[in-house]
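Undergrad: Kindly generate the complete structure, drawing on both the sequences and the hints.
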Amino acid sequence: MADAMGFFTDTTVCIGCKACEVACKEWNQLPATNGGLNTLSGDSYDNTRRLDGTHWRHVKFIEDFSPDRSQAAWLMMSDVCKHCVQAPCLDVCPTGAIIRTEFDTVVIQADVCNGCRDCIAACPFDVIGMNEASNTAQKCTLCYDRMQNGLVPACAQACPTQSIQFGPIAELRQRADARVDTLHSQGQKNAYIYGKEDMLGGLNSFYLLVNKPEKYGLPASPTLATIRTAPSWLFSTGSAVVAGLVGLLGFRKHRMDAFAAARRSSTGEEQ
Amino acid sequence: MGRGAATMYAGSLADADCIIIQGSNMAENHPVAFRWVMQAKLNGAKVIHIDPRFTRTSAVADQYVPIRAGSDIAFLGGLIRYVIENDKYFRDYVVNYTNASTIINENFRDTEDLDGVFSGLTPADPAATADPTFAQENTYNVASWAYQRTAPFDAARARQEALAAETFTEMLQKLLPPDEERDPTLQDPRTVFQIVRRHYSRYTPEMVERVTGTPRDQFLKVAETLTANSGPDRTSSFVYAVAWTQHTTGVQMIGAAALLQLLLGNMGRPGGGIMALRGHATIQGSTDVPTLYHSIHGYMPAPDARAAHDTLKDYVATATSALGLTAFWSNLPKFMVSYLKSMYGDAATAANGFGYDWHPKINGDYSHMPMMVQMADGKVKGMFLMGQNPATSINARLQRKALGKLDWLVVKDNFEIESAAFWYAAPEVKSGEVRTEDIKTEVFLFPAAQIAEMEGSFTNTQRLIQFHEKAADPPGDARSDVWFAHQLALRLKRLYADSDLPRDQGFKNLTWDFDYDAGKYPTNTRIQGEPDVHKVWREINGYRSDTKDLLAGFGALQDDGSTTAASWIYSGAYPAENDFKPASRTPDANNQPGSNLGWGYAWPANRRILYNRASARPDGQPWSERKKWIWWDPQGGAQRTGAWVGNDVPDFPVAKRPDAPARPGAIGLDGKAGTDAFIMKTDGRGWLFTPTGMVDGPLPTHYEAAESPVNNPLYKQQTNPLMKYWRRDDNQLAAVNDPRYPYVMTTYRLTEHHLSGVMSRWLPWLAELQPELFVELSPELAGEKGIKNLDFVRISTARGQIRAKALVTPRMRPLVIEGRTIHQVGMPWHWGYMGLVTGDIVNELTPMVADPNVSIHEGKTFCCNVEREGRA
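The listed protein sequences derive, respectively, from chains A and B. Using the working numbering, the letters of the first sequence map in sequence onto residues 353 to 623. Using the working numbering, the letters of the second sequence map in sequence onto residues 669 to 1540.
You may find that some hints are simply not true.
Stated by the list, open to error - FRET-style restraints, in silico, Cβ to Cβ:
#1 A1018(B) / Q514(A): 51 to 61 Å
#2 K1108(B) / D416(A): 25 to 35 Å
#3 Q514(A) / N1031(B): 30 to 40 Å
Unchecked claim - To give a feel for the contact side, a few chain A residues facing chain B, derived at Cβ under 8 Å:
#4 G368
#5 C369
#6 K370
#7 E378
#8 T385
#9 G387
#10 G388
#11 L389
#12 T391
#13 L392
#14 N399
#15 I414
#16 F417
#17 A424
#18 M428
#19 Q538
Keep in mind that the hints were calculated from the coordinates and are not lab data. Ideal Cβ placement from N, Cα and C applies to all residues, glycine included.
TA: Have a look at this one:
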């Protein structure tokens, strides 16, 4: 197994340019909302609104101003799948479509997914959604296909300010701790890391934040949702059969799955 | 300072201790260059953003400072006053490297003496202003702004003698004025330093608050942060973009920042200077190798029928006198003659003045707005539009009216843009006010190749020229701009080939030899007829006229016709056949201090920080170890006889000792001392006070915008006395404090879109990010007007009205100006009636008024009204 890989997103240097959103959509060939004919949300500069099956990167804009503007902050955060070490989605997936890769990332295999939506309910971060084109649940793959070819994920590659940093988790955690120390020494005492090892075993995509998690729309203590979604496990065998048929019918997610399949057969790895 | 360019490069911002971003929303509009600001911040630098709106730049700044749009000179003037009155200026730098000690003509009168105007103001001729085609223009006679000389100088007589001289060198010697008078103690009341002090004496923190709306404590915090981070051991940078230029006082805003940076000793040093951010990928290149009407290559003035430019000698005498012949510009004859050789080749000889008579001369203001005004009056027959979209530009309806008066219009763009479709899709056509059948313009739409579909070079915002390869052929009939220009030129050459008319001789003699050599045309393309861009580059760089050998740089240019170079400032980028520097991609080794001299090529001479002689003390040693950049090594150079060395190409004669005296009576840099750090200026010094070159005053002065809700709190003179205004029924201005238009509007761009949207509104992935036009309002104003978030709002000015959705946000805030609450509203201007996502054109609202120096419009502040129109 390769080093565990992931993202460290430093929100203090995010400028909300959305290059990550566009780079993600371009590489993964995800469609624009309504072919681009979107409507103005009225919610700051956020017009894509959420992570889902066709938005795998999403920049949040939080306007945090007091009426007299003595408190004035415009928080920006590029959100993405957290690639949890204890991943609730993987836990509940009845078909085994969701796998942990050799990079310790969490990937949904479209050709095995039966579209049951259990993972959508299980994810405490509301990351996963249905992709209507394939009728499967989809989310960030951490650019599994790029990683397998030694490339940096598209979003991190496009980020102009190194807000999104990609690398081995161990190294990223060191870098993040050092950055928190620096910010503390510069007087920004509210800086902290969201997604350390005590959260779902550690988030392989973790964040440097300067306000409460709730401010960013993140749960303060995300948990496994196994109990809530346990009944679906009963159907896992049947679902797997259906998923297999679906796969045979050719609902294959193009590049990622081709790469993943090739990789599995060549290494004999199976999760 | 002397050059039309950023004094530094974006990477140098990482070396700054404080960065003031004013007149720019850098994070949104230059996100890639902004990485260096973030790098500086990671290193502990203070980032300050001064802006009417709290933007994505403000969000990551240490300090956000609100300001009323257009009041920047009052703010900067306040900083200048603070620096002088609190003795925070860098005295050794100021005395040695600026004109602070120079004595000014005794007839000079300041705005303090004349209530807002300088001596020499000449009111416009009423007869001239009656013509609605031309802007109303007062002028200044600048004689009283001149340096006091140590002896009388009869310029007219010197010119006569010069024109009689045999050689250009002899000619320039005749034009040399006596030295200027100085008082190094800075005490003489007529020194520049004392004049500057008096000029800004009323720009107190209290006055700054009254004029700009910036709370006094916030202004003082900026002043303290800036001065604490300037000096021998620390440097601060200013960053600006079009939010400084797009004003009727735009050039003076930049001048005020330059004045301040010279006082603080921040110019020419790592992490110091002024970072001018240019808009498009090669906007810098388009002024270097210019699409400007008033310049030819390398910032030489365009031959002008209105100036004393009758012959080449006249041109040289006039141009060098204006640009400063006692320093680097004494080389102008070499640059001009080499340029003419490039234009006319073997036909250009000493006997025919190198073909100077064939060169077109301008005889008016051909900048964009007056051109469109003339077009609207039916005086222009045809137009080529390449990468421009005037149907959505300033006072857009007036510009569309102009397009409709043309006989023919060629639009070359990626899509069918508003300017190509105005005749059937414009709002006034849709509403029936204008009928398609009444528009006689014949429109030709040529599809353009995209950037990855052609090879060529960019010159970016830091003067860096970078070459790019072609990735794929363009689809269908799409062609590169260089293909189009080449094919057009070949056809025009054929058209004029048999003409005997004198006016056609220039075209007949124009050298145009850019076809590929036989057998060299690329085989991996289906496109035919592309020129060899390396041949274009040979022409730009220059070569020996006889052997055609490439030249090593502009130092090799001659004034006798033996050399050829289209653009002297780019000379050196292609010094040898196998050394095409714009394609070079060699970075510095990791963690080595340096400026990546092997990456691309920066004009002039690959210098990355301009005026970098000032990074060392007068004796040639660094001001501090922390800020060392270029210094004098007594054992440096090939002969070990001493040289300037360091992390950059010295912007100074490399072997000139720091203690070298000026040679009396010598022209060019020989006449300058080893401490004269600003080699482009006549006196070798950075100018706090500009005796020549600025048409609207030697010192930046606060004037209100063409439209303003307040009377000028500082002077009786309300607006820039030289402001250009095209006074027409279809270009009206609101009166000061016009109750119909009580709010200050500022227009801007978003990260998600590019200009009028041609490169973004057609792309689904970008369109979805910012799909609709909006107007940003503060909750306070929205409350007063009963407007809720996402309501439709009607926005009106004296020119027109449009509709947009409301985006109510605390990022907008009311300011208190002269005791009154002033509301500011903002609109991005990316929308139009063509494309995937459409919306009203914000430039229906903007006035055609302009800065008198450069004819840029005032889109960053004007007056408007907003009214709720309905629920979305």
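Undergrad: None of the hints should be skipped; say for each whether it holds.
TA: So, going through the hints one by one against the coordinates:
1. A1018(B) / Q514(A): 51 to 61 Å: holds (58 Å)
2. K1108(B) / D416(A): 25 to 35 Å: Cβ of K1108(B) to Cβ of D416(A): about 56 Å, so the range 25 to 35 Å is violated.
3. Q514(A) / N1031(B): 30 to 40 Å: Violated: the Cβ-Cβ distance is about 53 Å, outside 30 to 40 Å.
4. G368: holds (5 Å)
5. C369: holds (4 Å)
6. K370: Holds, because the Cβ-Cβ distance from K370(A) to chain B comes to roughly 5 Å (cut-off 8 Å).
7. E378: holds (7 Å)
8. T385: Nearest chain B Cβ about 5 Å off; hint holds.
9. G387: holds (6 Å)
10. G388: Holds, because the Cβ-Cβ distance from G388(A) to chain B comes to roughly 3 Å (cut-off 8 Å).
11. L389: holds (6 Å)
12. T391: Since chain B brings a Cβ to about 6 Å from T391(A), closer than 8 Å, the hint holds.
13. L392: With a minimum Cβ separation of about 4 Å from chain B (threshold 8 Å), the hint on L392(A) holds.
14. N399: OK, holds: N399(A) within 8 Å of chain B, min 6 Å.
15. I414: violated (10 Å)
16. F417: With a minimum Cβ separation of about 4 Å from chain B (threshold 8 Å), the hint on F417(A) holds.
17. A424: holds (6 Å)
18. M428: holds (6 Å)
19. Q538: holds (7 Å)
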